[in-house]
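Colleague: The chain contents come next:
There are 2 protein chains.
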Amino acid sequence: MREVATNADKEHASRTIERDLRRQVESGALAVGEKLPSERALAEQYGVARNTAREAIRLLAEQGLVTIRHGSGVTVRGKPRLMRFGAERYARTLRQETWLSPFRAEVGRQGREPRVDCTSITRIAPPADIAERLLIDPETETVVRRENWYYADDEPMQVGVTYSPWSIVEGTPVADSAKMGKGSLYARFEERGHAITTIREEVTARMPTPDEAKGLRIPDAVPVLEVTHTGIDQDGMPFEVTIFTMRADYNALDYRMPVED
Amino acid sequence: MREVATNADKEHASRTIERDLRRQVESGALAVGEKLPSERALAEQYGVARNTAREAIRLLAEQGLVTIRHGSGVTVRGKPRLMRFGAERYARTLRQETWLSPFRAEVGRQGREPRVDCTSITRIAPPADIAERLLIDPETETVVRRENWYYADDEPMQVGVTYSPWSIVEGTPVADSAKMGKGSLYARFEERGHAITTIREEVTARMPTPDEAKGLRIPDAVPVLEVTHTGIDQDGMPFEVTIFTMRADYNALDYRMPVED
DNA sequence: TAGTGGTCTAGACCACCAT
DNA sequence: TGGTGGTCTAGACCACTAT
Numbered sequence: 001m002r003e004v005a006t007n008a009d010k011e012h013a014s015r016t017i018e019r020d021l022r023r024q025v026e027s028g029a030l031a032v033g034e035k036l037p038s039e040r041a042l043a044e045q046y047g048v049a050r051n052t053a054r055e056a057i058r059l060l061a062e063q064g065l066v067t068i069r070h071g072s073g074v075t076v077r078g079k080p081r082l083m084r085f086g087a088e089r090y091a092r093t094l095r096q097e098t099w100l101s102p103f104r105a106e107v108g109r110q111g112r113e114p115r116v117d118c119t120s121i122t123r124i125a126p127p128a129d130i131a132e133r134l135l136i137d138p139e140t141e142t143v144v145r146r147e148n149w150y151y152a153d154d155e156p157m158q159v160g161v162t163y164s165p166w167s168i169v170e171g172t173p174v175a176d177s178a179k180m181g182k183g184s185l186y187a188r189f190e191e192r193g194h195a196i197t198t199i200r201e202e203v204t205a206r207m208p209t210p211d212e213a214k215g216l217r218i219p220d221a222v223p224v225l226e227v228t229h230t231g232i233d234q235d236g237m238p239f240e241v242t243i244f245t246m247r248a249d250y251n252a253l254d255y256r257m258p259v260e261d
Numbered sequence: 001m002r003e004v005a006t007n008a009d010k011e012h013a014s015r016t017i018e019r020d021l022r023r024q025v026e027s028g029a030l031a032v033g034e035k036l037p038s039e040r041a042l043a044e045q046y047g048v049a050r051n052t053a054r055e056a057i058r059l060l061a062e063q064g065l066v067t068i069r070h071g072s073g074v075t076v077r078g079k080p081r082l083m084r085f086g087a088e089r090y091a092r093t094l095r096q097e098t099w100l101s102p103f104r105a106e107v108g109r110q111g112r113e114p115r116v117d118c119t120s121i122t123r124i125a126p127p128a129d130i131a132e133r134l135l136i137d138p139e140t141e142t143v144v145r146r147e148n149w150y151y152a153d154d155e156p157m158q159v160g161v162t163y164s165p166w167s168i169v170e171g172t173p174v175a176d177s178a179k180m181g182k183g184s185l186y187a188r189f190e191e192r193g194h195a196i197t198t199i200r201e202e203v204t205a206r207m208p209t210p211d212e213a214k215g216l217r218i219p220d221a222v223p224v225l226e227v228t229h230t231g232i233d234q235d236g237m238p239f240e241v242t243i244f245t246m247r248a249d250y251n252a253l254d255y256r257m258p259v260e261d
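Residue numbers (full-length UniProt numbering), protein chains in the order written: chain S, 1 to 261; chain W, 1 to 261.
By construction, these hints were calculated from the structure, which means they are not laboratory data.
Predicted model, so just to flag it, every value in this text is computed and none were measured.
Please note that a few of the clues may not be correct.
Unchecked claim - With a straight-line Cα cutoff of 20 Å, these simulated EDC-like cross-link-like pairs (lysine to aspartate or glutamate) come out:
#, chain 1, residue 1, chain 2, residue 2
1, S, K214, S, E226
2, W, K79, W, E34
3, S, K79, S, D129
4, S, K79, W, E34
5, W, K214, W, E147
6, W, K214, S, E11
7, S, K214, S, E62
8, S, K79, W, E226
9, W, K79, S, E226
10, W, K79, S, E11
11, W, K214, W, E226
12, S, K214, W, E62
13, W, K79, W, E62
14, W, K214, S, E62
15, W, K79, S, D129
16, S, K214, W, E11
17, S, K79, S, D220
Unchecked claim - If you only want the chain S side, here are some residues facing chain W, beta carbon under 8 Å, derived:
#, residue
18, G64
19, A205
20, L225
Stated by the list, open to error - Taking beta-carbon pairs under 8 Å as the criterion, some of the chain S residues facing chain W (in silico):
#, residue
21, A87
22, T198
23, K214
Quick reminder that beta carbons are idealized off the backbone N, C-alpha and C, glycines included.
Hey, can you work out the whole structure from these sequences and the hints?
Modeller: What follows is the structure, encoded as C-alpha cells:
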C-alpha cells in the first residue's frame, strides 16, 4: 500500500528497548533503586544482540535515568535532594560563626553530616583571570591559593578554590593554616581592613572534566555549576576570589537583589 | 619481572586512540573545524575493529571536543563566544527602552543580529512551583503564560517562559499581544502599579531534554542553565515569574549584590 | 564462583551528505 | 555515487561485585 517505506515503520531495536524501559521507570513499575534486567536478559527477551540492549541502557544513562555499576547491575536513579545557596552566605550575622556555616546549616537541615577539608594552601603567581578580578599585576604580585572540599555524609558536594593577595593575608591563618579560628575567613579579612560589602558572582555550567567527575564522584549526565565569586570591601576593592565547582543535581543558587536604577 | 600484571600495561585500544586524537586537538595539529580521520580510516590505522575507533570518537564527543555530523564526518569543535547577563537587565534606565535590550545589546556587541519571537500566549492554571513563587492559589487564580525565543544570527540562544497573574495583566498587551509597545513588559507592569524593585533568581543546571536539545539545537555534552526569575514590586509582592533555559556554553550570568547584615 | 557490566572483533546493511 | 556515520549481529574475553 505504501509507496515509500518510512522510518516510522521500523524503529531501531535499541530505541524500542529504551522506550519500554523508560515507560517502566516513569510509571513506577520500576521503582527508584530497583535493578533493571541485565543486558544479557534484555537481549534474550527482545531477541537482539547484547550490544543492542547495551545501547538502550547507554541512552538511558546518558539522560540520567539510570545508574550503571560495573559488576553489579543497572538501577533506577532517584532525584537527589537539592541544596540551595544564596548571598546570605556572606552576611555579617553568619560571619560571627564559622564562614562555612551556610554549607553546614544546609547539610544539617537535611539530617546529614557536613565536613570541610582544606586540602592545600600554596603561594603562587595568580592565573590571569584571577589577577584580573583582584585588580593586581600577575607579574609582580603573588596570591595564596586555598583549596577546600565540602562533604555531606562523606559524599563530595563542592570544591572551592580561594585566591587572595599575599599582601593582604600575609601573617594570617588564611595564608598558612587549615584551621581558621573563630569568626573564620571573613573575620580575618575584616581584621586586615577589608569588610565584605559587595559580592560579585559569575555563574556558568559545563560537563565535568574526567578528573572532576572522579574526584566529586559525579555520575553520567550530570553537569557542574561553576561559580566565580569575588569579595569586595567597603572601598570597592576586591580582596578574594573563590571558584566553586559543584554538582548541578545537588546544588542550586538562590539570589535576591535590589534592582538599581 | 612484575609480579602482578597491572592495567597500566594494557591500555584499552579505544582510550589510546582517544588520547592520541585529544593530543592532536590540544596541540593544534588538528585545528578547530578540521576533520578527524574517518572511523574506518582510524580502524585500519590502529589495526582495530571499526567499533573500537568509533568508541574513541564517542568519548571525545561526550567530552565536547568534537562534533559528529552524520554522513559528513567528525570535526574539532571550537570554543563558543560567551554572552553575559546580569541584574542590570531590569534596571530602570533600560526599562525606558525595550525590555529585551540587554539581550539585543549583548548580541549586537558581538556583531550578530538579535531576534526575539513570542511564540505563544495562553491563559492557564499555574503550575505548582509558579503559584508558590507568585503567592497565589493555583485552584482559584489563573495566569498568562508567554513564551519567548531568543536568537543570535538565527541561532537559538535562550527560551523564556513568563507567568503573570491574570488579575494583573488582564486588558494589557502582556495578556494578548506579541508586541509589547514602547517601554515594554516592565513598563506595562509599572502602569498597573507594580514597579520592579527586587529580583530573585534561582539558578541550576542540567542536561537538556531531547526536545530542548532539538529546539535549541544544542550539541552533545552541553548542559543548559535554568534560571527561575521572580520580579518583586515596591511592596514586596511578586508579580511575574520567568523561567529562562539557555545553552550553558553560550551564556553566563553575572550578578553583583550588596551583602546584607 | 556466578553474574554483571566493559571492551573488542569482523563482518553486514541502512541513512545521510556532498559531488 | 562514494564516503561518511548509525545500527546491528554473534560471538569472545576481561574486570568488577557479591556471595
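Colleague: Would you mind marking each hint as holding or not holding in the structure?
Modeller: Outcome of the hint check:
no.	hint	in the structure
1	S:K214 to S:E226	holds (17 Å)
2	W:K79 to W:E34	holds (14 Å)
3	S:K79 to S:D129	violated (35 Å)
4	S:K79 to W:E34	violated (40 Å)
5	W:K214 to W:E147	holds (17 Å)
6	W:K214 to S:E11	holds (19 Å)
7	S:K214 to S:E62	holds (17 Å)
8	S:K79 to W:E226	holds (17 Å)
9	W:K79 to S:E226	holds (17 Å)
10	W:K79 to S:E11	violated (35 Å)
11	W:K214 to W:E226	holds (17 Å)
12	S:K214 to W:E62	holds (15 Å)
13	W:K79 to W:E62	holds (15 Å)
14	W:K214 to S:E62	holds (16 Å)
15	W:K79 to S:D129	holds (17 Å)
16	S:K214 to W:E11	holds (18 Å)
17	S:K79 to S:D220	holds (14 Å)
18	G64	holds (6 Å)
19	A205	holds (3 Å)
20	L225	holds (5 Å)
21	A87	holds (6 Å)
22	T198	holds (6 Å)
23	K214	violated (14 Å)
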